[in-house]
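K.L.:
Given next are the chains, with one letter for each unit.
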Amino acid sequence: MEAIASRIIPSDETPGAKEAGVVYFIDRALVTFATDAQKVYREGLPGVQAQAQELFPGVKKFSVATTEQQDAILDSLSQSKAKTASSRRNRPNIAAQPFFETVRYHTIAGFLIDPDSDRRGNRDGVGWKVIGRDSGHVFQPPFGALDKDYPGWQPASAEKK
Amino acid sequence: MTADKVQYRPSDEVDFVIIGSGAAGGILAKELSTNGFRVVVLEQGPYLTESDFSHDEIKVLQEDLLTNHPKLQPNTFRKTPDEKAKPQRALVYGRAVGGTSNHFTANFWRFHEIDFVERSKVGVIPGTTFSDWPFTYADLEPYYTKVEWEVGVSGLAGASPFDPPRSKPYPMPPLPTKSNGVLFERAARKLGLNPFPAPMAILSQPRAGRSACVNCGFCLAFGCEVKAKSSSLASMIPLAEKTGRCEIRPNSYVHKIEVDSHGRAVGAVYFDAKKNVHLQKAKAVIVSANGAETPRLLLLSASKQFPDGLANSSGYVGKNLMLNSGGISLGVFDEQLNDYKGFAVSRILHDFYELDAQKVGFYGGGGLDARFDMTPINFAAGGGLPPDAPRWGKKFKDTIAHNFTRTVEIFSHGTSLPLENNSFSLDPDLKDAWGLPALRMTYKDHPDDLKLARWLNQYGLQILDAAGAKQKWTYPIDEQQFAVHLLGTCRLGSDPKTSVINADHRTHDVKNLFLCDGSSFVTSGRGQPTMTIEALAFRAADRITALAKRGDLNA
Chain A
1 MEAIASRIIP SDETPGAKEA GVVYFIDRAL VTFATDAQKV YREGLPGVQA
51 QAQELFPGVK KFSVATTEQQ DAILDSLSQS KAKTASSRRN RPNIAAQPFF
101 ETVRYHTIAG FLIDPDSDRR GNRDGVGWKV IGRDSGHVFQ PPFGALDKDY
151 PGWQPASAEK K
Chain B
162 MTADKVQYRP SDEVDFVIIG SGAAGGILAK ELSTNGFRVV VLEQGPYLTE
212 SDFSHDEIKV LQEDLLTNHP KLQPNTFRKT PDEKAKPQRA LVYGRAVGGT
262 SNHFTANFWR FHEIDFVERS KVGVIPGTTF SDWPFTYADL EPYYTKVEWE
312 VGVSGLAGAS PFDPPRSKPY PMPPLPTKSN GVLFERAARK LGLNPFPAPM
362 AILSQPRAGR SACVNCGFCL AFGCEVKAKS SSLASMIPLA EKTGRCEIRP
412 NSYVHKIEVD SHGRAVGAVY FDAKKNVHLQ KAKAVIVSAN GAETPRLLLL
462 SASKQFPDGL ANSSGYVGKN LMLNSGGISL GVFDEQLNDY KGFAVSRILH
512 DFYELDAQKV GFYGGGGLDA RFDMTPINFA AGGGLPPDAP RWGKKFKDTI
562 AHNFTRTVEI FSHGTSLPLE NNSFSLDPDL KDAWGLPALR MTYKDHPDDL
612 KLARWLNQYG LQILDAAGAK QKWTYPIDEQ QFAVHLLGTC RLGSDPKTSV
662 INADHRTHDV KNLFLCDGSS FVTSGRGQPT MTIEALAFRA ADRITALAKR
712 GDLNA
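Taken in sequence, the protein lines are chains A and B. Sequential numbering of the first sequence, starting at 1, is according to the numbering used here. Sequential numbering of the second sequence, starting at 162, is according to the numbering used here.
Among these hints, one or two may not hold up.
One side only, chain B facing chain A, incomplete, derived with CB under 10 Å [as the list claims (entries may be wrong)]: (1) 223; (2) 494; (3) 501.
Here are some chain A residues the structure puts well away from chain B; computed CB gaps all over 10 Å [claimed, not checked]: (4) 3; (5) 7; (6) 24; (7) 43; (8) 55; (9) 90; (10) 114; (11) 134; (12) 137; (13) 138; (14) 140.
By construction, these hints were calculated from the structure, which means they are not laboratory data. Using N, Cα and C, we set each Cβ at its ideal position, and we do this for glycine too.
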């Protein structure tokens, strides 16, 4: 699992799924909010190994394949895209998705979950650091590049003058 | 505080039992208990407080901490009445004390004058049930002001040239301006439009023992830990309880309104947390259970006397459902905007509130806002990324690392036409965890609603262009299958043949039964219904108080 998660969010000059402890998040997910996904994992993992052997005869396990081979294996599994109605973007349907979509969602969730939650993901807040989200839950303006020097709202006519 | 909380027995005949503690129910509870009446509020969800709220996206969005749970209360969906509906999550609403007001975005636009009289102005739209309201903006204006001052709305009066008249300024200045607000404002002005600070039901200053917004960034869909978001839970429920006359009873799932042989409501029948059944007796019943559950409860209350459902002589209970049309366009900018900090919206515009059907070729109107309302997982798992973005691997990681702090959404919000076929009804097969018939949603947008959404979305793209977006795209506009705004399903009106409640929110058929929530709407407005739901609730409380004081509820 760690090998798959590490290809979805790799470690490079910045931390990836491995450093965020995504596998621990997934372990806990499968006995808490994602018990329905146990079957998807149970049935999906042998499929990954089979795919590894089919694409690269002699490669017995996904985890011993080279990273290029691993990417090719995942690429072949990720062709079926998850269908999510755009109006449900805040509540994607994570049940009953194919194996790769399930692992992808769990990897992203394990990388970016609130590190102060008890989900065991986003260890030390590394996922939030990667996407540029400051740690903490209380902020004061200015927030970003454009509101920093913003003079305040003026009626349109005043601005024209 | 706990010590003075009043508790009634179900056999105590209180003055009012209110079903639902959300945007409308919370206000009615506060107003009626303040006016001296004894009130029991039955809320199907738990009594959570600020310390139960969380920024855990899984707990809130996947485990439905604050909302209806698809396993407990599944529903079905179909597009037209001739189809067999299939199980599919089609709606989200608040299921906790405070209801949907706990987790809303807090856009608090007033309706404009046109919204109440548009049928007269536009004329008949064939195939629709488009109608005027039984009262006007002027009748509701004092109650909009009441919402702003008592519930708490931040904004700037006079900033929009399209604003309807108001009797008082906002009680608080607008929230801080976000970077997406700055670029929206500059781009919209370039295009000759009139952007202005968004009216938001979030405190910009401390008020009534509540904190100002601390800009945590977990706003839409989340509960507020510091009571800055003006939910009923933060603003109204504490005042209702303080009267010593109002009991909020959580985990009480009402499934029937009991009626006597004279056709008068005698109380509400509910399951407690252990699924034991009780009848809470009351002199009058008020249903504020939302635009889905209010009609469902009336349909569940069918009896020999009322075979088609309670208060349904018009046949309109559950019908004329409106969701509001709209779309989303997104852009990525070079600058680090950091719009993940703070509430969602700081700038909106209303230039397109009333479009000329002759010119654009369809009925409708709406508004646009600039926002960033995505939390980290939702952003990265799909909602925030361009359609051609890689979905995993190093390039995916690079994309989320670059885009999360640089993405802007332009939301468009607009009208939905009322159609008789669009409805909530009881599913003939599917049951909820209590064995009750599940909600069945039937919905297919009127073609004009889709045209409007596409038209507004194109404007969103133009604004992103004018703002200098490096990349921009829109979500596809498809027929809607997922509902958040639940409007019109027990509409107001003076004609008992084409409406369910009169201008006092009293059902035409049952004299001591009142309905007040999104179901009361006659037209959809231009999105952002909660402000009007709350104004209706303040007004209904005045009307019901007057009726009760002159003994009209017993007659």
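K.L.:
Evaluate each hint against the coordinates.
P.N.:
Hints and how they fare:
1. Because the smallest distance between the Cβ of residue 223/B and any Cβ of chain A comes to about 6 Å, under 10 Å, the interface hint for this residue holds.
2. The interface hint given for residue 494/B is met, as the beta carbon of that residue sits about 9 Å from the closest beta carbon of chain A, less than 10 Å.
3. At about 6 Å, the closest approach between the beta carbon of residue 501/B and any beta carbon in chain A falls short of 10 Å, and the interface hint on this residue holds.
4. Residue-level check passed: residue 3/A sits 13 Å from the nearest beta carbon of chain B, beyond 10 Å.
5. For residue 7/A, the non-interface assignment is contradicted: its Cβ lies about 6 Å from the closest Cβ of chain B, within the 10 Å cut-off.
6. With a closest Cβ-Cβ approach of about 14 Å to chain B, residue 24/A is found to remain outside the 10 Å limit, as its non-interface label requires.
7. The Cβ of residue 43/A lies farther than 10 Å from every Cβ of chain B, with a closest approach of about 20 Å, so its non-interface assignment holds.
8. At roughly 17 Å from the closest C-beta of chain B, the C-beta of residue 55/A stays outside 10 Å, upholding its exclusion from the interface.
9. Annotated as non-interface, residue 90/A brings its C-beta within 10 Å of a C-beta of chain B; the closest such distance is 6 Å.
10. Remark: the non-interface label on residue 114/A conflicts with the geometry, its nearest Cβ contact in chain B lying 4 Å away (cut-off 10 Å).
11. Residue placement check: residue 134/A does not keep its beta carbon more than 10 Å from all beta carbons of chain B (closest about 8 Å).
12. Residue-level check failed: residue 137/A sits 4 Å from the nearest beta carbon of chain B, not beyond 10 Å.
13. With a cut of 10 Å on Cβ distances, residue 138/A falls inside the contact zone with chain B, its closest approach being about 5 Å.
14. Interface exclusion of residue 140/A from chain B breaks down, the closest Cβ pair being 7 Å apart, not more than 10 Å.
Hint check: violations occur at hints 5, 9, 10, 11, 12, 13, 14; the rest are consistent with the structure.
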